[in-house]
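Undergrad: Sequences are here, hints too, so could you generate the full structure?
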Amino acid sequence: MTALATEDVPPTSHALPLKNVFRPDEIGPCLSQEKALSTAPEVEQGRFKVPRIMEEP
Amino acid sequence: MTEVWELSAAELGRMIARKETSARDVVDVHLSRIEALDDSVNAFLTLTPDLARATADDVDQRIAAGEQLGPLAGVPLALKDILCVDGVRTTAGSKILEGYVPPYDSTVVRKLRAAGVPIVGKANLDEFAMGSSTENSAYGPSRNPWDLARVPGGSSGGSAAAVSAGFAPLGIGTDTGGSIRQPASLCGVVGVKPTYGLVSRYGLLAFASSLDQVGPFARTVEDAALLLEAIAGHDRMDATSIPEEVPPYVKGLESGVKGLRIGVVSDWVEGEGVQPGVTERVRAAIESLSSLGAEIGEISLPSFRYALSAYYLIAPAECSSNLARYDGVRWGLRAPEAKDVVEMNVRSRTAGFGDEVKRRIMLGTYALSAGYYDAYYGKAQQVRTLVIRDFEKAYERFDVLLGPTSPTTAFKIGEKADDPLAMYLNDVFTIPSNLAGAAAISLPCGLAEDGLPVGLQLLGPPMSEGLLFKVAYAYEQARGPVDAPPLWGRS
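Here the protein sequences line up with chains W and D, keeping their order.
Per the numbering used here, the first sequence starts with residue 1, numbered consecutively.
Per the numbering used here, the second sequence starts with residue 1, numbered consecutively.
To be clear, the hints were calculated from the coordinates, so they are not data collected in a lab.
Certain hints may be false.
Using 25 Å as the maximum straight-line C-alpha spacing, the simulated PhoX-like pairs for lysine-lysine come out as follows [stated by the list, open to error]:
1. Lys-95/D to Lys-258/D
2. Lys-19/D to Lys-95/D
3. Lys-393/D to Lys-49/W
4. Lys-111/D to Lys-35/W
5. Lys-258/D to Lys-49/W
6. Lys-111/D to Lys-251/D
7. Lys-358/D to Lys-416/D
8. Lys-339/D to Lys-358/D
9. Lys-35/W to Lys-95/D
10. Lys-95/D to Lys-358/D
11. Lys-95/D to Lys-416/D
12. Lys-258/D to Lys-393/D
Treat the numbers as computed from the prediction; the structure is a model and nothing was measured.
TA: Spelled out as structure tokens, the structure:
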């Protein structure tokens, strides 16, 4: 590819010419907390539980 | 006598609607065939008999009540195990998703349910759709119904093998660089890579988001067109979904190819590494289209020789970003007893991802890193523009382009497994359509000198599915019925 002259060629990040895809700001159906957590390896008090993220003080 | 599992989806749909058979019986026939033969094919990772029977029973009840259902109501389908079905385990062929049960339906599955299509199982694939043989599946490869020692192609190899084997007349795959068309070619079935944005990606586990597209497998062009009609269409849950009505594909199928200009991609038909039997079958298909009244010309597409290199920068770059979500926190595998969250991330990914996925994450991370971005990812995006320009120039002269789908017929399991570059070359003719977001179809065009199926590829601009189906249908009618794989027991 380095052999190709591309100085004036614009990059294509996406094949579709769609821009600024908006929709009305309305609340639709969404997952319940219970369903959203149902796939997690570890859960505590309605939250995803992970190992320690900070050093001991 | 013709068995029920040999019939086309269109025929089964008609018989079910006329109550000549029931959706339940059709599903049961296919489930028995899977039970008898899938130990040797390994097309499925998960069977969903309860889901399939519930859908079929619902279809039968509604027909009994006098309801008019769609043309595919009651017709079984094999779903690539990378699309979410609410309550059914979804692995993407990866250990990192072992035990994952999605709490929602993908849009494609929602549409299939609405069409009354029973899903008989989740089909095998290369891990996260990365591969051309299903050998990268963490659950073992699928086998080609034409020769069980050979691969069915990939990444959607399980779906292609299932349709070829007579486990279901319909299948769903995804095509990021050829993952529908190449297995369709190797298994002797029809596979369609729709225009990017035609089918919703909501609920599809992402590999390379600017390239991934969902599409149909079938044994006839009409069945593939019916299935695409059922799954295509705008979806507000996918911001890249095309906000247009889906035209009817089946309606225009029979209008013929007279006067259509077909451009033969000459470097592909006679190219280096193309098996002689593939060249010969594709040449015969060109003759056939010519005698049907199509105008045949030749074309060379200079930028396409860089498409493979550009793809293997763009796809890994996007995959490295997409797969960062598998962090052991919200779903999937979590390595136990890590002392902190970073160690948990690292150990979960080390244990959960296979070699090819790790290779692509590393390549992609490197291609996106500071100081290399312009030379690799930026350059690849410029090549993508050149590929699109070459296509645009070609479509000034021709309505559709034509070539082989894959340079070779099905190869042996293990033959290319240790040589990633040889494996990547499988997709050299399919990748340009993905880079351009364009439509393409692969359909069987006979057997090569080794007795294995060859795929004919037809390529068109974005939103040209109707045109491609029309050309494919005209060729299919002229070609006549294809041979059945040995697994059908026809001798």
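Undergrad: Against each hint, give a clear statement of whether it holds in the structure.
TA: Now for the hints, and whether the structure bears them out:
Proposed proximity of Lys-95/D and Lys-258/D is contradicted: the alpha carbons are some 51 Å apart, above 25 Å. Annotation: proposed proximity of Lys-19/D to Lys-95/D is violated, straight-line Cα distance about 43 Å (limit 25 Å). Taking the CA atoms of Lys-393/D and Lys-49/W, the gap is near 55 Å; set against the 25 Å cutoff, the hint is violated. Of the pairs offered as hints, the one joining Lys-111/D and Lys-35/W holds, with about 22 Å between alpha carbons and a cut-off of 25 Å not exceeded.
For the given pair, Lys-258/D sits about 65 Å from Lys-49/W by alpha-carbon distance, which is inconsistent with the 25 Å threshold. At most 25 Å may separate the alpha-carbon atoms for a hinted pair to count; Lys-111/D and Lys-251/D meet this at roughly 20 Å. Pair hint Lys-358/D plus Lys-416/D holds up; C-alpha atoms about 18 Å apart against a cutoff of 25 Å. For the given pair, Lys-339/D sits about 23 Å from Lys-358/D by alpha-carbon distance, which is consistent with the 25 Å threshold.
Taken as a hint, the Lys-35/W and Lys-95/D pair is honoured in the structure, with Cα atoms around 22 Å apart against an allowance of 25 Å. With a CA separation close to 13 Å, the supplied pair Lys-95/D and Lys-358/D stays within the 25 Å bound. Pair hint Lys-95/D plus Lys-416/D holds up; C-alpha atoms about 22 Å apart against a cutoff of 25 Å. Proposed proximity of Lys-258/D and Lys-393/D is supported: the alpha carbons are some 22 Å apart, at most 25 Å.
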